[in-house]
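Here the structure of chain A is known, so what remains is to put chain B in place on it, guided by the hints.
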Amino acid sequence: MSTRKKTILKVIILGDSGVGKTSLMQQFINGKFSQQYKATIGADFLPKDLVIDDKQVTMQIWDTAGQERFQSLGVAFYRGSDCCVLVYDVTNTKSFENLQSWKDEFLIQANIKDPDNFPFVVIGNKIDVEENKRLVSSKKAQSLCASMGNLPYFETSAKEAVNVEQAFDVVARNALQQEESLEFSDDYTDAVNIHVDGDSYGSCGC
Amino acid sequence: MVLVVSPYSYFEFGSHNISTFEVFGNIVYVGLYDGSLDVCQLPTGGETQMTQFDESKLVLEDLNVVARTKLSCRAMQLELIPNLGYLVALLENQTVEIYSLNDYQFIDKFDEARFNLIKTWYEDDKELQLDQINEEDNDYITVDDNDSISLATTALETIRTKKFVTSVTGNSYLCLISKRNIAVMKWHDNQYERKYEYKLNDKIQVVEFLNSDGLIVALKNGDILKIDLAHDSVSTIQIQFLNQPTGFSKSFFFSPSDSLLEIFKANNDQQLIIMKDYNLIKLNSDLELVVYRRHTHSIDFKNPVLVPSHNQSGKKLRFLKYWFPYVVLVYINSLEIRNLENGSVVQQLQGTSTFSGITSIKFTPKFLFLICNSTVYKLVKTTYDSQLAEFEKSKDYNNAINLIEKLNPLAFEDISEDHSSRQIKFTRLRQFELLKGLEYLKSENYETGIKLFVEFLAPPELLLDNLPESVKTLLSGNSSLKHAASKESLKSDKEPETKTNQDIKIINQVISFLTDARRKLTRLLDPDSPRFLWHGFLISRELYGSKDISKLEQKLQTVDDCLFQCYLITNPRMVGPLLRISNYCSFDRIEKNCLELKLYTELIDFYYCRSRHDKALELLEKLCISEHVFEPEFMVKYIQKLGQPQLDLIFKYSEKLISLDQTNVESIFMDDSIECESLNKQQVLDFLNKWPSLQVRYLRYLIFDLGETNIKFPNKLIELYLQDPAKNQAHINQIYSLNNYNPSFVLKKLNSLKQSPVVLELMILPLGKLNKHKEVLEILVHRLNDIEKALNYCRAVHSSSQETGIKLTYMLLDMLLSSNDYDSVFQILDSGITYLDPVEVLEKLPRSLQLGRLEGYLESNIRNIMSDLRSDIIKSELLKVQLINLKYEKLLSDTAHVRIDASSKCVVCDKNFAASSILSFFPDGSVVHYSCSKYRN
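Chains as they are written, first to last, in the numbering used here: chain A, 11 to 216; chain B, 26 to 962.
One thing to keep in mind: the hints can contain errors.
Calculated pairs, DSS-like style, for lysine-lysine (alpha carbon to alpha carbon, straight line, at most 25 angstroms) [what the hints assert, rightly or not]:
no.	chain 1	residue 1	chain 2	residue 2
1	B	Lys-774	A	Lys-123
2	B	Lys-774	B	Lys-797
3	B	Lys-797	A	Lys-104
4	B	Lys-391	B	Lys-418
Quick caveat, the hints were computed from the structure, so don't treat them as lab data.
Just chain A, same shape as in the assembly:
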């Protein structure tokens, strides 16, 4: 019986309403895209199994509500996150300007011990739109990411599956790194259990 641990990486997706958080998650997990907009209520998560450098991991992606009235009220669900994805819409300047607020809110709610080194990834979504509809330039976004602590930045199209895999690959790697750095820390005892037995749940492995 295998004693190898399976790592669960908890990833939270945040951003303004309508930027495409759910679409990004659906595209990454199911390879599907729906034109129909449906506001997310509360939060939901979907798991995805990945292999990162020969390591089996399950990425648990928590999609959240962008609209304040639908946002989750409990702070507990932010806790124990290994990476936070900040999403904005390249055709919506406001959603871009709010990135810093989303980041700060996350840090407060998740009670991050080391905010300077917590992995965030910024995604500018909807790059499939016509160029003249795009209101936030790559340069501007990169500049903001640099000022927010050299955050990795990706431009994606959840609709056309552009760059989604690549963005989440970096998310997973950064989350794994974070998770490993916390593995021996006892400061987050109220977090979600980050390890479960992989193939033999409940077994002692002998």
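What follows is chain B alone, placed relative to chain A:
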């Protein structure tokens, strides 16, 4: 000790001992040793505070006998099937008789076997209970936690408690047990349907219906069986304890035992309790062990619950019965009320020697009866409100919570009408959970206490006032530990040695509470959502003690100030994020602390968040320009975030920055941002007045980058450029090319300058724009002597307006002829200009002009005329051909005819034409009746 039950009265039944005693509703059925059956009205009075069973103080109550009948012999057990109107009696001679509930007349008997136990099942007629409240309630426990606004919103735990009975079937049963045989008679909708019979392995000890399709049977050998009537099958229930030693695989019920055996359902039909070997084992509706109940906040939930086989004075347990929401244990000399969650004692009632004679115990929701020879003792359940008050007094919060969780809130006496029952329940539950949390804090179990505070939305002050003094001192901000948050500590992970780990740990837990509380309080302050659902309960501002927004804001200020202080102590790097988001921190406090601790970046973010840009810029000016703590770029970045409303501030603080480095003007006023574009351009332009070169830069940005169309900006730029026309001629022409300037204004400015060739050239386009073409030609011909440019000008005008262009060209010729500049005239004529009429040109030329000089012009014109002539001839010939064709077509149509004879038929109706028919002829030769013509197509 809490008073749950209190002795009140007793009833006497004369000289005869009681053989069986049953209570159904308000009616008592008493079987006596002489074989008579007394049916009495239950006396409902009774209120007492007796804590001891003192017979001398009990009231003697008279029973109002409503009926009396004589049975065949002494009744040992009585059961009812009310919907059928049956009273079922198991008699001493081991036969079973059925009597009518209306007149207690004999109906039928079963004597085919020697019965020793009977059991009935029927469905409650709800109408009968309209005046009663069902005290059991599981609303809180079974709340659907998928209300997504709350908590993690994703159901991490999907345990849903099911009831045993889920639907009304209309079935009624009577079980007759005879040693190892069980016969079950079934009625459906009050009609007898069938009989089931089973022979089991051993003697049947206890029978309990699970629902209308199944019953559970305990045998003497220790086996527990489930009889499934729907499938007519019997199965053994195997339950293993989780805490059994490894390798112990036998069923718990494997070994036979002589100890007390009970099976009953509890917790609002959600649990089946099997009592075996003094263990109360809780099973769910799937007959599995209840291992963990998420919503049960009584933390010390146990399964199984071990009850003592002997009481403190060593007397043996004789009876155990479930009496909602407790279990009643009767020992030979005492009575105990215990909690079913963990088995803890709620009340102990010392009995007398009478207790040894107790033959059975019975109860209604309100009364407990101890049956003893010829006497029945009545004990009264105290009100739930008084029980809660006593639990609170004795700080037994677990039992209080346990009671509220299980109780229908309508059973409380002091319920307010404007709240739903769920809401009342939550309010009560919260009250005790918070008290329990407070106890945890007092016992220094901060983690558990704070978790309860988070879960039950404690008012912030409740936690903050009950923290240890050392933590309070730290959080007050007066501690010398504040240096912890200095800039140095931001860079270092090293904790100050003076802080105790315990205090830090507590503060970290306080942070969890505060972040949670601020989120909920903030939501309540949102005018769009002054209420929200949390675990199915409506949370409104009243929960935090006030509807008043300002009071809630005060609470939020307390929370945020405290959170700020917590971060300063434990994790100063979180100060920044806190001050950047919308917060309620006290302005003066934050300002003072940040300045003291040199948390400048954080303070500037805070100023920005509070729109105190004046303060921010004042500080930035000091730090960036005077003290050089930061680069000036830092200040520029702040200004970049400001918009039109802060324009005065922008001007005030930009001046020094621009003086320091003029390129800052681009960052401040020409940045690619919404804020920058929102600035009043004229005001910015006026502000830049003292730096003309910057004005030019700004104007170019407006005109060429932003595409600003307001005419005053190009005018202004031209004006600025005209300060050095020679140098800026190209730039001015660039502006001319946009055709968005005021030509009169420009000409006025140009006229005021020295009339250099550059200035004259710059006048051409504005004059042309004003249609002052003659003046343009005069400049070009007479002042600049540039005939080629003059001709080009004429051609340009001609391309936009032919007539004006021709006139202008003649004007140019006239102008040259009048000055006898024939060379220039011939230069124009030989330039290949085609739109002039050669005749008119020739007429203009003086007769003295030598013909030879005109040769080229004339030849070229003749060639052109000949070419035009040939084109016209070709056109004329083609028109002639077209005319002939048309004449031919006309001839054909003139001679077109149709021949109709007697056999000709209408193509529409296919009938012959009559002599008097009116006909329609179509160009394609078809003929139809006039009336048919509309249907032809």
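Evaluation of the provided hints:
no.: 1; hint: B:Lys-774 x A:Lys-123; in the structure: violated (67 angstroms)
no.: 2; hint: B:Lys-774 x B:Lys-797; in the structure: holds (17 angstroms)
no.: 3; hint: B:Lys-797 x A:Lys-104; in the structure: violated (51 angstroms)
no.: 4; hint: B:Lys-391 x B:Lys-418; in the structure: holds (23 angstroms)
Violation of the numbered hints given earlier is confined to hints 1 and 3; the remaining hints are satisfied by the structure.
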